[in-house]
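4 protein chains.
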Amino acid sequence: MIRIGIIGFGYWGPNLARNFSSLDGCQVRYIADVDPKKLAVARKLYPAVTATENAEAVINDKEIEAVVIASPVSTHYEFAKNALNNGKHVLIEKPMTRSAAEAEELIELAAKKHKVLMVDHTFLYTGAVKKIKEIISQDHIGEIRYFDSTRINLGLFQHDVNVIWDLAPHDISILKYLVEEPPQSVIASGVSHTDNRVENIAYITLNYKTNMIAHFTLSWTSPVKIRKTLIGGTKKMVVYDDLEPTEKVRVYDTGFKVSDSQKLLIDYRVGDIFIPKVEQTEALKGLAQDFLRSISKGSRPLSDGKSGLAVVRILEAAESSIKNGGKEVPLK
Amino acid sequence: MIRIGIIGFGYWGPNLARNFSSLDGCQVRYIADVDPKKLAVARKLYPAVTATENAEAVINDKEIEAVVIASPVSTHYEFAKNALNNGKHVLIEKPMTRSAAEAEELIELAAKKHKVLMVDHTFLYTGAVKKIKEIISQDHIGEIRYFDSTRINLGLFQHDVNVIWDLAPHDISILKYLVEEPPQSVIASGVSHTDNRVENIAYITLNYKTNMIAHFTLSWTSPVKIRKTLIGGTKKMVVYDDLEPTEKVRVYDTGFKVSDSQKLLIDYRVGDIFIPKVEQTEALKGLAQDFLRSISKGSRPLSDGKSGLAVVRILEAAESSIKNGGKEVPLK
Amino acid sequence: MIRIGIIGFGYWGPNLARNFSSLDGCQVRYIADVDPKKLAVARKLYPAVTATENAEAVINDKEIEAVVIASPVSTHYEFAKNALNNGKHVLIEKPMTRSAAEAEELIELAAKKHKVLMVDHTFLYTGAVKKIKEIISQDHIGEIRYFDSTRINLGLFQHDVNVIWDLAPHDISILKYLVEEPPQSVIASGVSHTDNRVENIAYITLNYKTNMIAHFTLSWTSPVKIRKTLIGGTKKMVVYDDLEPTEKVRVYDTGFKVSDSQKLLIDYRVGDIFIPKVEQTEALKGLAQDFLRSISKGSRPLSDGKSGLAVVRILEAAESSIKNGGKEVPLK
Amino acid sequence: MIRIGIIGFGYWGPNLARNFSSLDGCQVRYIADVDPKKLAVARKLYPAVTATENAEAVINDKEIEAVVIASPVSTHYEFAKNALNNGKHVLIEKPMTRSAAEAEELIELAAKKHKVLMVDHTFLYTGAVKKIKEIISQDHIGEIRYFDSTRINLGLFQHDVNVIWDLAPHDISILKYLVEEPPQSVIASGVSHTDNRVENIAYITLNYKTNMIAHFTLSWTSPVKIRKTLIGGTKKMVVYDDLEPTEKVRVYDTGFKVSDSQKLLIDYRVGDIFIPKVEQTEALKGLAQDFLRSISKGSRPLSDGKSGLAVVRILEAAESSIKNGGKEVPLK
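Those sequence lines, one after another, are chains L, D, H and G.
Numbering of the first sequence is given in our numbering, commencing with residue 1 and proceeding in unit increments.
Numbering of the second sequence is given in our numbering, commencing with residue 1 and proceeding in unit increments.
Numbering of the third sequence is given in our numbering, commencing with residue 1 and proceeding in unit increments.
Numbering of the fourth sequence is given in our numbering, commencing with residue 1 and proceeding in unit increments.
Any given hint might turn out to be false.
Claimed, not checked - Just a sample of chain D residues kept apart from chain H, beta carbon distances all over 10 Å, derived: (1) Leu39; (2) Leu45; (3) Asp61; (4) Ser137; (5) Asp267; (6) Ser299.
Stated by the list, open to error - Listed next, the stretches of chain G that the computed footprint assigns to chain H, with coverage defined by at least 3 CB atoms under 8 Å from CB atoms of chain H: (7) 140-149; (8) 210-218.
None of these hints come from the bench; they were simulated from the model.
Just so you know, even glycine gets a beta-carbon here, dropped at the ideal spot from N, CA and C.
Could you build the full structure based on these sequences and the hints that come with them?
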């Protein structure tokens with residue numbers, strides 16, 4: 001029975017609490033939040049849990065084996081470091097930290113302490129992304145040549161982080177999961193429509209050594225909600241539309257080939273479309289199970305600290321590019 | 001009766017020929033193309049027209065008052081210059097020329113010769129774009145703060161120009177028509193999936209002095225066809241989907257407002273949606289009529305040389321940005 | 001504080017329990033069900049409520065003022081009669097009863113006992129249906145000339161009632177709410193693809209004295225889910241698509257007019273489309289509030305016994321028509 | 001070189017003329033129509049063809065081998081009879097005739113004269129319907145248990161025939177092509193919103209000996225255009241949406257099975273969806289080719305007189321059912 005403390009009960013914390021509460025093999029002991037109103041909600045929903053304003057109390061309780069951090073991004077590093085130093089396993093809400101340096105430090109610390117360090121990249125546990133991964137692994141798609149994602153809607157402006165830090169972790173974590181080749185550099189642009197200069201629209205391009213390209217369109221300011229990703233391979237192409245209730249993944253038997261390289265004749269192929277059934281279980285439940293399994297078996301979670309770091313590196317570079325007028329920022 | 005010669009009978013020339021043939025007030029006298037097969041088609045469809053491989057014959061015929069140029073982009077400048085020098089009115093297929101310098105020279109020459117110089121930005125004559133212009137003019141949208149356009153599909157790789165020169169003229173001409181503020185700089189990236197290094201995927205960002213931003217997603221390599229533009233104003237937002245058969249324009253009574261600038265509280269507004277009826281007549285017919293009217297009345301066409309130049313300047317800057325790793329290129 | 005007992009905790013009962021529990025002004029005292037497993041769930045969710053297998057205990061408890069009946073259709077009449085006889089207010093899940101005679105008896109009994117008798121026609125409380133009612137009331141649609149509804153999906157075959165009794169109450173209650181003119185007769189056909197002769201596909205036509213017509217397509221056997229209603233008026237037409245997340249109601253400025261009755265020339269009008277914003281609150285909450293308000297104020301609920309009877313009359317006639325090879329069955 | 005005369009140059013005649021003109025192996029010699037304006041159009045498009053107001057001249061010309069009849073329905077029988085009697089092959093626009101008796105007479109006459117008698121059921125030659133036929137033939141669908149078609153839009157009210165005679169031939173010919181089992185009876189209802197009592201909305205149900213059912217929804221009075229057919233088999237289900245530009249046919253690996261017939265437990269299966277590529281060539285061209293091939297090879301066309309008769313029988317029965325208040329009309 002793994003005893004868990006959850007820090008942060010704002011937007012996402014309640015979903016984490018609900019999932020961990022429903023699983024066998026663990027027990028939610030604490031819910032911490034600075035907002036007494038949120039604690040009141042937590043107490044009503046989970047009378048057996050200790051609801052507290054004091055996050056440090058959670059981290060310092062020797063009974064607690066694992067800490068789930070869903071507080072604001074700026075607090076992730078500090079809470080995670082303290083938790084690891086106190087010998088806790090740690091699951092951090094995305095984005096992992098505010099800088100790659102912080103993420104690297106946490107990874108090192110977790111390794112030293114032999115603790116699980118995991119990041120909540122929920123989409124890696126969705127039926128849709130798992131199905132796309134499966135199709136790519138079976139070499140149906142060929143080499144991936146482009147990844148183009150649009151994640152836009154109206155609302156939920158964040159105060160502390162811009163639209164890149166808020167929305168791009170989803171797409172970047174999916175990209176990193178599906179495409180092995182590492183990007184070489186980042187170019188990004190964006191604009192803020194509020195006085196605080198926090199960008200609410202942004203565009204990111206990732207460049208690769210090969211002729212692979214990735215691009216993200218991100219906005220909190222769209223009248224329509226779109227969550228669509230196009231993935232083009234040398235064999236087939238995939239369209240992933242997360243808003244489709246049942247037809248999230250479409251595999252197009254579509255491609256083109258240079259048939260005469262001198263005359264540059266191109267053969268186009270447009271064939272059948274296949275819509276595989278995808279698993280409908282809640283992604284966050286799968287993620288929570290992976291965390292518990294990694295703790296009890298000592299295995300490596302799919303969405304580990306390294307995955308969190310890779311995302312933060314790109315976020316950091318993208319923000320730097322925006323602040324420097326779209327300058328190309330190399331990725332190490 | 002304005003006597004017209006058409007140069008180029010490939011992809012778009014037949015549409016120009018069909019429209020000018022159907023109009024009163026003009027007569028198509030010549031169709032020129034280097035490909036004898038295309039001339040054979042032209043002869044069958046228009047037995048009364050002289051079909052010739054010799055474009056210069058068209059330009060030199062004193063009977064001809066106006067020349068329509070739908071040949072490959074690289075030939076536009078030469079044909080147009082000769083035609084203007086021979087005292088013809090000129091309509092050029094988009095993009096106007098291969099460089100801004102060429103476009104500037106043609107504009108100057110047309111002015112000197114008192115001839116109409118027009119560029120075929122067909123979309124400016126569509127019912128949808130005219131309706132959006134009308135809505136903006138009536139100040140329903142407020143100040144436009146973003147313009148985000150996606151124009152992707154499979155196929156029709158061009159050999160001589162990349163996807164930017166092929167597809168972006170549509171979006172840039174619409175942008176320039178709808179938004180008065182001039183962009184200050186261009187950042188673009190792209191990739192080629194063929195050996196000839198001609199980009200088949202490209203992304204362009206236009207930066208402005210204000211917090212306006214424009215972005216274009218362009219691809220010949222998408223399994224799905226999308227032609228969608230989001231236009232966000234301070235009052236309302238518009239979605240223009242050119243693939244919708246009857247519901248091309250949607251006006252969203254949607255917006256956001258900073259209600260407390262210290263706490264950064266944002267009020268969101270999501271209201272009714274309005275889908276205005278748009279005119280269904282063929283855009284190219286309206287463009288042809290504008291050309292004829294400009295000749296006979298001495299008026300200025302909507303899609304004039306200046307409009308063509310503005311588009312070419314951005315294309316040129318975008319290509320330069322791509323070739324320089326996404327470097328920001330200022331626009332004069 | 002109105003004390004409530006809920007009978008039936010199967011498919012819909014939990015939704016009723018959740019809504020009544022969340023409302024001020026009432027208290028759920030009992031949840032009854034014949035299935036001990038469902039009672040276990042109820043006990044976990046609502047520790048303060050008495051969960052019992054004995055529905056009669058609920059009906060006989062003098063503390064209970066109102067009984068909510070969500071048990072199988074065949075039990076509705078008996079439970080409701082006993083509850084009314086014991087002086088309780090009654091809310092019955094749709095369809096109200098298995099026959100019009102039963103429904104009439106309950107209405108009479110409720111009147112005699114001065115108790116509220118209400119039927120759960122949830123859709124009357126949705127933002128979409130309320131908005132359509134409003135638009136019709138403001139005379140934007142004109143006289144309604146047709147009502148065509150499709151409600152199909154895969155699954156949830158019922159054992160005791162056919163697809164008409166299961167799905168049509170939704171559409172018929174909406175029809176009766178929006179269209180005042182009473183239908184004169186029913187024609188229905190259907191087919192069963194299981195051995196028990198319970199129809200899983202059915203079609204119903206309602207005939208009117210005027211040239212109004214209503215038609216319902218119902219199926220448990222469709223690979224796609226559709227919940228779409230077309231409502232044609234002499235002025236405008238409405239399409240109501242309940243599966244649209246935010247654009248459920250569309251008003252088409254569309255119509256036709258006989259412009260020359262001798263030559264039968266028809267003028268068609270296709271104009272703008274308007275998508276009004278509709279309220280997003282849970283319909284069942286509004287229904288529960290109407291029940292409580294009707295009890296405390298002695299007012300008449302929108303979805304009253306009469307409304308339930310009108311629906312049952314049509315269901316009964318439709319079933320009779322199916323069993324008689326599509327014979328026209330008059331409605332009184 | 002088969003010499004052809006076309007009678008009727010209204011809505012559909014021009015399409016027939018265009019297709020037969022483009023085919024090798026035949027020559028369009030005549031176009032006849034009572035309207036001089038339409039003849040003027042024909043003369044402009046086809047200068048080499050004799051355009052005449054005199055249909056009998058076409059039928060009596062000994063040079064003419066085949067007559068294509070696209071005049072109003074009421075004239076089909078007379079023209080076809082005369083043409084067959086004069087030794088011509090005959091292609092008739094749908095619906096074949098105004099009565100089954102007329103259709104039977106023509107079939108008999110064609111057999112006696114050894115001439116091809118064909119009906120223009122264009123949809124049988126579409127890539128989509130051919131693909132569905134192929135899938136059914138390969139036994140992927142199993143036994144077909146329902147066929148539900150919706151064909152509605154705004155406009156084109158006919159004066160001489162109601163919406164059934166205008167639109168249902170498409171759906172009935174497709175049904176008859178795909179489903180071998182003959183329907184046993186027809187029930188139909190409809191309503192007219194014009195003074196001439198010509199129905200503009202109609203619903204048809206076809207009953208079968210087995211638990212197969214077919215249903216058609218037909219309207220000239222819908223604000224939205226729908227052309228959708230659901231076909232349910234014991235193995236899989238097909239949705240055919242003719243308005244989809246490229247994804248007309250979807251095969252759902254969806255079904256249900258009675259797993260326990262006593263308790264009536266039903267197992268549902270929802271699996272992958274497959275969208276086969278369908279041929280994009282113009283259906284009418286394939287039909288014209290079938291006509292020419294049948295003439296030259298003496299083969300039987302797919303859409304023969306028998307097919308036309310089967311459709312007319314159902315139309316006749318449906319109209320009779322409507323006029324008799326939805327009475328069930330047996331089919332012989």
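Item to complete: Would you assess whether Ser299(D), listed as outside the interface, keeps its beta-carbon beyond 10 Å of every beta-carbon in chain H?
Response: holds (31 Å)
When you look at the beta carbon of Asp267(D), is every beta carbon of chain H farther off than 10 Å? holds (15 Å)
Checklist line | Status of the stated non-contact between Asp61(D) and chain H (beta carbon gap over 10 Å) | finding: At about 46 Å from chain H, Asp61(D) clears the 10 Å cut-off, so the statement holds.
Checking a non-interface call: every C-beta of chain H should be farther than 10 Å from the C-beta of Leu45(D). Is that right? holds (33 Å)
Review point. Are at least 3 residues of the segment 140-149 of chain G within less than 8 Å of chain H when you compare beta carbons?
Key: Answer holds; 3 residues pass the 8 Å Cβ test.
*Going by Cβ atoms, does Ser137(D) stay more than 10 Å from chain H at every point?*
Ser137(D) clear of chain H: closest Cβ-Cβ about 18 Å, beyond 10 Å.
Practice item. Between the segment 210-218 of chain G and chain H, see if three or more residues pass the 8 Å beta-carbon test, and mark the coverage as holds or violated. Key: holds (count 5)
Leu39(D) and chain H, when compared Cβ to Cβ, separated by more than 10 Å:
About 42 Å separates Leu39(D) from the closest Cβ of chain H, which puts it past 10 Å; holds.
Checked against the numbered hints given earlier, this structure breaks none of them.
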